Amino acid sequence: MSDLDQFRQETRTWLEENCPPTMRTPMRSEKDATWGGRNPEYAHPDQKLWLDRMAERGWTVPDWPTQYGGGGLTPGETKILREELARIRARNPLNSFGISMLGPALLKYATEEQKLEHLPKIARGEIRWCQGYSEPNAGSDLAGLQTSAEDAGDHFIVNGQKVWTSYADKADWIFCLVRTDKSSKQGGISFVLFDMASEGVSIKPILLISGNSPFCETFFDNVKVPKANLVGELNKGWDVAKYLLGHEREMISGMGLGAGSDPLLDAARKGADPLLRAQIALFQVRSQAFKAMSERFIDELKAGHAHPAQPSMMKYYGTELNKTRHELLMAAGGSDALEWESERSHGGAAARTWLRTKANSIEGGTSEIQLNIIAKRILDLPS
Amino acid sequence: MSDLDQFRQETRTWLEENCPPTMRTPMRSEKDATWGGRNPEYAHPDQKLWLDRMAERGWTVPDWPTQYGGGGLTPGETKILREELARIRARNPLNSFGISMLGPALLKYATEEQKLEHLPKIARGEIRWCQGYSEPNAGSDLAGLQTSAEDAGDHFIVNGQKVWTSYADKADWIFCLVRTDKSSKQGGISFVLFDMASEGVSIKPILLISGNSPFCETFFDNVKVPKANLVGELNKGWDVAKYLLGHEREMISGMGLGAGSDPLLDAARKGADPLLRAQIALFQVRSQAFKAMSERFIDELKAGHAHPAQPSMMKYYGTELNKTRHELLMAAGGSDALEWESERSHGGAAARTWLRTKANSIEGGTSEIQLNIIAKRILDLPS
Amino acid sequence: MPLYHTDDQSLLRDTARDFVAEHAPVSHLRSLRDANDTTGFSRDLWREFATLGFTGILIPEAQGGLGLGHVEAGIVLEEIGRNLSPSPFLTTAIAAVEALKGTAQADRWFPGILAGKAVAALAIDEGRKHNARITLKAERAGNGYRLTGSKQFVHHGHAADLLLVAAQTDAGTALFAVPASATGLTADPERLADSSIAARLTFDGVQVDADAVIGEGDAALTRLLAAARTGASAELVGVGGATLDMTIGYLKQRKQFGAVIGSFQALQHRAAHLYSELEVARAAVLKAQQLLDTGENAAQAVALAKAMTGLATTLAVQEGIQMHGGIGMTDEYDLGFYMKRARVLAELFGDTNFHADALAQAAGY
Amino acid sequence: MPLYHTDDQSLLRDTARDFVAEHAPVSHLRSLRDANDTTGFSRDLWREFATLGFTGILIPEAQGGLGLGHVEAGIVLEEIGRNLSPSPFLTTAIAAVEALKGTAQADRWFPGILAGKAVAALAIDEGRKHNARITLKAERAGNGYRLTGSKQFVHHGHAADLLLVAAQTDAGTALFAVPASATGLTADPERLADSSIAARLTFDGVQVDADAVIGEGDAALTRLLAAARTGASAELVGVGGATLDMTIGYLKQRKQFGAVIGSFQALQHRAAHLYSELEVARAAVLKAQQLLDTGENAAQAVALAKAMTGLATTLAVQEGIQMHGGIGMTDEYDLGFYMKRARVLAELFGDTNFHADALAQAAGY
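Chains as they are written, first to last, in the UniProt record's numbering: chain Y, 1 to 383; chain C, 1 to 383; chain B, 1 to 365; chain F, 1 to 365.
Bear in mind the hints are in silico, worked out from the structure with no lab data behind them. Certain hints may be false.
Dumping the calculated PhoX-like pairs for lysine-lysine here, alpha-carbon to alpha-carbon at most 20 Å [what the hints assert, rightly or not]:
#1 Lys255(B) / Lys185(Y)
#2 Lys252(F) / Lys376(Y)
#3 Lys255(F) / Lys376(Y)
#4 Lys255(B) / Lys376(C)
#5 Lys255(F) / Lys185(C)
Please read these numbers as outputs of a predicted model, since none were measured by experiment.
In isolation and in its complexed conformation, chain Y is listed as follows (with noise of 0.2 Å):
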């Protein structure tokens, strides 16, 4: 037996013993995920059981070095784990912008300290992370952003304003870009953490469409940063936040990819009118499609074959994907779709989801800033 087949072996008897059978169901709402974070929510008590355990192990982040809080895994057993993980459909044991955005950029660019201090609590779930990018007159042009950090000595006093925070009410620390010279534009932007319980920051969540709130308004007045909290080199926060948005844009991208049994096919088999079930069959070939991209996508990232900017085609694409598969739910769905607030319709969750999508292509970078990047960085098109 080979090694990757022992793992393997070992993985699945562990996963057997220690993943709840609760946690092998079906999420109902987006309140049975797990973010952990300084004050926690768990619906069920054996959310917490199974993020300890995966987390003990490094598991939660298998491929981070052991010193970090990681399970010190080879590409190839992560690979296994994640199979033998989706063999039993067991949830994620968490959420977390801390691990798929901030962790990489951390590996990358910051100082071993910062990396010691940071990524363990992380990899537990201890500290939920949220991220400071966008600005009222900085969506898509991040180079406009105006949330200042001047220098005190020691420290910074940020002063500002951030919009689309993700769950920054809810979050513990920031990462966050701030003007740190105000002489050029991409040049001189920084980034820093810092506490959210830090004295002079204010939360105001933002209602959106759907009647859920999962973003905010965060202001800053007068917030004191410590230096040591900057990561990267001063005024070269644009080459972090670039290498960032790769991997917010791979999250999103996976959006397009329907797991487990997917409620359009389940929708077309209770019979859909003959225009409509065209529809979802066309739709299913760019869907399974982008299933082998996808893999495709992730097995050359691995090998170090891709294009940088392949995440921008992913993100692009996989979000458009996604608006259209609820487009087709809501016509799948008719008038009872619509409903809002009845239980039949679980309090409105087809229309909601439907409306939540629209923002897809929106965040981390829209569809249009996508395809600026895809046109002038692989297809070469002159500016």
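Using the hints, position chains C, B and F against chain Y.
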């Protein structure tokens, strides 16, 4: 009985008596079209008969004034004539760029002498015209045109090259944009007419992907053009050209409207797979709605309500529809429609027409140019 | 008849536009929603519609109405669409009036409608998708009928005075005018995504007189649906048009990368394409309205109008949200309301696919 | 297996790319067409394919081939697609070899294929659209069968040595290996839009031995079609990829309005979208090839590959022509050839709609 009712009755009677039965059958190919000119080609002698009878009454151009060879009909009468022609499925007595493009421009910009000289010959199909706009380096961007007309006293000396000249090899005269001032871009262009039999004119048909050659390259080598043939003011040819392009766009957009029995519906009735049927059904929604739009556009045009840039919308939408129509026809035709030379396929009619339609959204101003015009002139979006 | 509005119709449009924009702008819908209003519309506004004569727009002059047609009704509906005004106008003044016209029930209901008091609702759908299958049973009983079955997606069904109910009798389809007060009828109001309220209705042996039948066979239902669908199409044109205007306005004002985003060619081309789709849809709607008014066979033109407006306005709200970016996603901004209303209207009385399929069947494929 | 080419496969791609671009570029197709060649491909080129081992790419090493798989075959096919090289490679070295492999007929035909002499053609379609209905009749007669019926869209059908024929026996579908020399078989060659030649075949009581049956039931035909469809998909990826490259090249060079047109954002976005579709299609094809090679159930991946490449490459040629403007419409320029070939390949062995429908049926709707 109202005057119009009476006109309808008289028209109906006259058409019954004068439109030969052969001219009420569908055209089998492009060869059945009547173009007139110095060396007219008639696939059937009735074509000439039908042309002469209609020209006699001025009904090849029913709404032109009688002194220029027109019928002098009111808009209401013109509409009735067209309806009665459609009722008996009469063929067009005369296809002519002189009627559809040059005529309206002459009516608006030409001197009385020019009108009396050219319009009656157009109306009677005695002179066949072609259009000299595009040049190798001035496709969408007409302002970049280089064919020069130098002042030589009572005439110009024209030198240069045109491309995409429709049927230049069959035309008797050309209406042509030439540069009369190199110092300004759009300001230095003039609109002139000249005989294609003039010394120094040579023509090379362009073989297209459809296997046909409806377009030519046209070369001018010191061609003498009398100054009396200048239409409109010197250096103001751009105004004439724009006015005329509007008419060209209308004509091309008409292609979105399938006349008579619809081959696409026939194909669908013969049986299409469920997805193709769905595509045809959705196409038909746009296609039929565009029919309504065409009615509306013509009505608004007549009433002077139409936005001056609306022809761009019509051209854009109609040509894109026509391309889609032929994609669907090819899908319906399957491998039968791919045959290129066989008798069974009428010499590859389906495939050749399909390929021909690809030029619809290029000639007469590309779709991109039309969208630019709509965005700027109708939606008032900034440059 | 030329395919544009006459001078009189343009005048009506100006009146309607001013009135609706002043009395029932989007903020009106928003305030009803935020107050968790359970009627779904303002009865005061409905009376004001009556004062202007709008509620009698299709009612013959001899019966006290304006005696106008579907073109004029559509002009009012387009403004309702532009402002997302919650109103029983479509179900009551258009569909119900069209169905009641010339029947014995007209005398009973027209006065209330003319006064802006009576409200009608349309009980047609029985499943999540609109279709031609009617299973609600109307059995002969006493000197009338007993109705048993259920309906859904009935706008104003809980607040209406009159329900127009499609039912199945021994002889085939029939359309019934049922007073909301009838015994055995329960209405279960549900708020929809667009803040409108539609009811699920249960008919538990609802007894009605014989004269409740306002039409037998498909004809009456077809006439009602033609009016309702054409009306919904006009409203969709309003929703789409306002969305386009709002979006173009934003494109001219929002700056990114040092330029107004409306100067970016990719957005310009998409906006121009959207404009084209909406213009084409508008023409299809006017065509259907005119044919209804001249009494010609309008069936295909109506299906076409509903199918095409569904396509065009859906594109409008999708492009509107995307071009606005984040701000369009906020509840505070009005655009989301347009997206929600567009979705409901697109579904109402058959969506694009339903009508495109119907057209295909009518064309013999 | 990771979803990208191994180093060996990349090496093969370089070899194939250089060879095909040098020996069979578009000018090769053009010259065959202009000479009104009646074979449809160059037999010399076919022998050169053999010299490189390409004709034996799927033939097991034990039988003298390279013993490679569909990934490798697809690499060669993509280059054929990029250059529009007329070749019996797909029908012979891929589909026929896959169908003959392991049958008694392999020994008879493989040597000729390895030598670049034998050419095979696939006689499947009976109507204008590819579908699962086979009506060509194979009746028991003597110690074999008698075939009666007709086929169409048979590439190389008039020039082939071997025909693989799908037929209906008493027991169900069967696949026959029929020598082209068989009595009663007539081939009517037709030039298609892309200058390829496909035959209409008539089987007028064609007598074959019992060992002409190379597979009974659907399995053999399914295997042949899976190979053929995956191959056509790979070729489509090549056609689409070359079209994109040509178009991007043109966008960088053509000037209008004082700027390179590739700097216009609307065109950039469309080009970027097209790139995305082609990348996704490429992934779907590689997935199907790998599954065929590992012997897993590839049916859905194959249908997906053919459906997706049909979409992506059709978009590529449409956008390619439009972005080129007039020059793309000229016969002198190569782009039109790509549009024509894309259309033929999209139709071959089932178009996007056919396969999307099949996938829907397989998914239970």
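Inset, instruction - Go through the numbered hints given earlier and state which of them the structure violates, listing their numbers in rising order. - result: none
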